Amino acid sequence: MTKCYDVLIVDDDLDMIEVMELVLHDAGYKTRSALNGQQALDAVAAEMPALIVLDMLMPVMNGWQFAQAFRSRYGRAIPIVVATAAEHIERRRNGLDVTDVLPKPFEISDLLRLVARHVQLPPPASVQ
Amino acid sequence: MVPGGIDPKALPDLTQRASSAHRMAGTVTAAFAVLGLMWVLLTDIVLYAITHDHVLIARIETAKGWIFISFASLLLYAVTFRSAARLDRVRRLTAAVVESIADGVLLLGHDRRIAYANPAAVRMLRCPVEELIGMNAADFSLRFHVAYPRGGMVPPGRFISQRVFDEGGPLDYKITLEPAGGGEVVVSATAAGVRMSVGDQATWVVSVMHDITDTEHLERLRDQFFAAAAHSLKTPVAVIKADVQSLMPAAGPKQRRIAASIDRQCDRIDRLVQNLMVLSRSRSRTLEMHPSEMELRPLVEQIAREGVWSYRHEVHTELTGSPSIRADHERLALVIRNLMYEASRLSLADSPLTLVARPEGDRVAVGVRYRPLPWRDRVAETYGDYDDIGIGRSVAETIAEGHGGSLSDESTDTETTSWLRLPAGAGAHA
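Going down the list, the protein sequences come from chains R and D.
Quick note: the first sequence, position 14, residue 14 per the numbering used here, numbers continuous.
Count along the second sequence from 1, add 128, and you get the number used in the numbering used here.
These are computed hints drawn from the structure, not numbers from a lab.
Check before you lean on any hint, since a few could be wrong.
Said to hold, decoys possible - Away from chain R, derived, C-beta distances all over 12 Å, residues of chain D:
1. M166
2. A265
3. K302
4. R440
5. L474
6. D478
Claimed, not checked - Just so you have them, the derived chain D footprint on chain R, three or more residues with Cβ under 8 Å:
7. 14-22
8. 76-87
To be verified - With the Cβ distance kept under 8 Å, some of the chain D side facing chain R (calculated, not the full set):
9. H359
10. K362
11. T363
12. V365
13. A366
14. V367
15. K369
16. A370
17. D371
18. Q373
19. C394
20. D398
Computed from a predicted model, the values in this text were never measured in an experiment.
Note that CB positions come from ideal geometry on N, CA and C, so glycine has one too.
Make the full structure from the sequences, and use the hints.
What follows is the structure, encoded as structure tokens:
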């Protein structure tokens with residue numbers, strides 16, 4: 001369990017980002033977002049999140065490319081949860097070095113359970 | 129020699145049976161012998177009746193011989209000409225038929241080399257016929273890079289045109305070729321041995337290549353379209369599902385019911401999309417299974433908890449032991465959900481559904497038990513045509529067969545159980 005609190009949501013669908021942010025905010029987490037893998041690399045360079053929720057099929061830089069680049073630069077300390085509509089992601093995760101998989105569409109309770117597994121809730125004062 | 133590089137005389141003439149040829153030759157020879165003998169006998173009798181002059185007789189005998197030889201030559205010419213002309217017509221017709229076939233035809237001789245290629249084969253392979261004639265399997269492989277459509281070179285020894293000499297046939301497969309000048313041609317090929325009699329070793333092999341590049345391209349496009357459509361549909365469904373679930377905590381009773389309904393319909397759309405993808409891939413023979421060892425219990429329990437069934441039915445589970453199987457998790461989940469959906473549609477409202485999982489010897493059975501509507505058969509028939517029950521059942525059968533398993537229904541007076549039976553995994557245990 002890390003001491004960072006925020007979750008970086010990487011998805012090219014703004015509505016998906018918005019609903020995940022709403023749900024995670026309501027649960028007490030801090031969130032940031034990126035629309036593709038390149039933006040996500042910029043975001044983690046600025047500040048390392050506690051968890052990355054990663055879509056796979058995105059323009060500019062997709063999830064596979066981001067995961068490879070991220071792992072080669074920063075190692076395995078930060079968990080990555082893949083949230084994707086791609087088929088057979090459980091099998092394909094072997095080459096990705098990701099921590100968990102959340103197939104879309106998903107139950108909110110599953111999202112919260114996975115996030116809670118990896119991210120410590122911040123103290124009440126630091127919640128925005 | 130005809131265009132295409134083969135002498136038609138090299139083609140075996142299978143249009144005439146050996147017995148009829150013997151009969152015809154025997155009749156002509158016998159007629160010739162009888163007529164010849166009669167000619168000799170009758171002319172001798174007449175000759176000796178009209179003269180006893182030995183010199184005259186000798187001269188007339190010589191003249192008789194010349195006359196006989198002349199008639200015999202004329203007769204031989206007429207018979208030979210007729211037979212040769214008929215044979216030539218048959219050969220030219222056979223050659224013209226083969227030449228005009230739109231599919232590529234290769235004829236391999238007993239030395240397993242190409243002996244003939246029709247114009248369609250020459251066009252398909254974009255290779256001069258002179259280079260094709262005499263080519264063996266290894267040369268063909270090097271020249272055209274014969275591969276399976278899903279990847280991997282076909283070893284020359286595995287060409288159906290080679291195997292059919294030893295294995296019989298006909299044999300067929302789908303391959304890709306790279307003709308001269310680049311590009312790729314997808315071919316559905318068939319090879320059959322030519323035997324003079326049933327049970328004989330094949331002396332020739334006819335290989336027919338049907339160009340299905342355009343069809344394959346369309347199928348790939350369709351596959352890509354479904355994959356893209358599925359992904360494109362899943363994302364909005366995921367957003368809607370997350371949206372309605374996030375609204376539920378603050379919603380009143382009526383809004384909760386509406387939100388739950390939207391949530392269930394999202395699950396239904398998701399299942400429909402998965403079914404359509406499986407159907408599409410099954411039709412284009414690109415459906416892949418990725419089996420791994422898995423415990424059945426967690427999957428069955430998870431599906432039993434899903435709200436899409438529990439809003440209308442009380443869902444029970446009957447799990448015997450902890451059966452494990454080797455299966456594609458995603459596809460297996462789809463099968464069970466399809467059977468659950470079918471049971472929900474065909475059962476009495478508010479009646480219970482029971483998900484059963486149990487080991488059965490070397491197999492594992494997963495069943496959905498329900499109390500059917502009294503007019504279940506008629507409903508099933510209608511739904512099979514107009515509802516996704518038919519699609520779901522078809523997909524379930526495809527996936528079951530892909531796992532070496534089967535689907536079946538068992539009914540009593542009050543209950544029906546739809547069973548999926550699969551081979552147990554290596555670690556199966558009760």
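Verification of the hints:
1. M166: holds, 90 Å
2. A265: Given a closest Cβ separation of 36 Å, the condition holds.
3. K302: holds, 23 Å
4. R440: holds, 19 Å
5. L474: The claim stands: L474 (chain D) keeps its Cβ more than 12 Å from every Cβ of chain R (closest is about 26 Å).
6. D478: holds, 24 Å
7. 14-22: That given contact holds, which follows from 5 residues of the region 14-22 of chain R lying within Cβ reach (below 8 Å) of chain D.
8. 76-87: holds (count 3)
9. H359: Where the cut-off is 8 Å and the nearest Cβ of chain R is about 5 Å from H359 (chain D), the hint holds.
10. K362: holds, 3 Å
11. T363: holds, 5 Å
12. V365: Holds, because the Cβ-Cβ distance from V365 (chain D) to chain R comes to roughly 5 Å (cut-off 8 Å).
13. A366: This hint holds: A366 (chain D) lies near chain R, its Cβ roughly 4 Å from the closest one there, short of 8 Å.
14. V367: holds, 4 Å
15. K369: holds, 4 Å
16. A370: holds, 4 Å
17. D371: At 5 Å from the nearest chain R Cβ, D371 (chain D) passes the 8 Å test, so the hint holds.
18. Q373: Result: holds, 4 Å to nearest chain R Cβ.
19. C394: With a minimum Cβ separation of about 6 Å from chain R (threshold 8 Å), the hint on C394 (chain D) holds.
20. D398: holds, 6 Å
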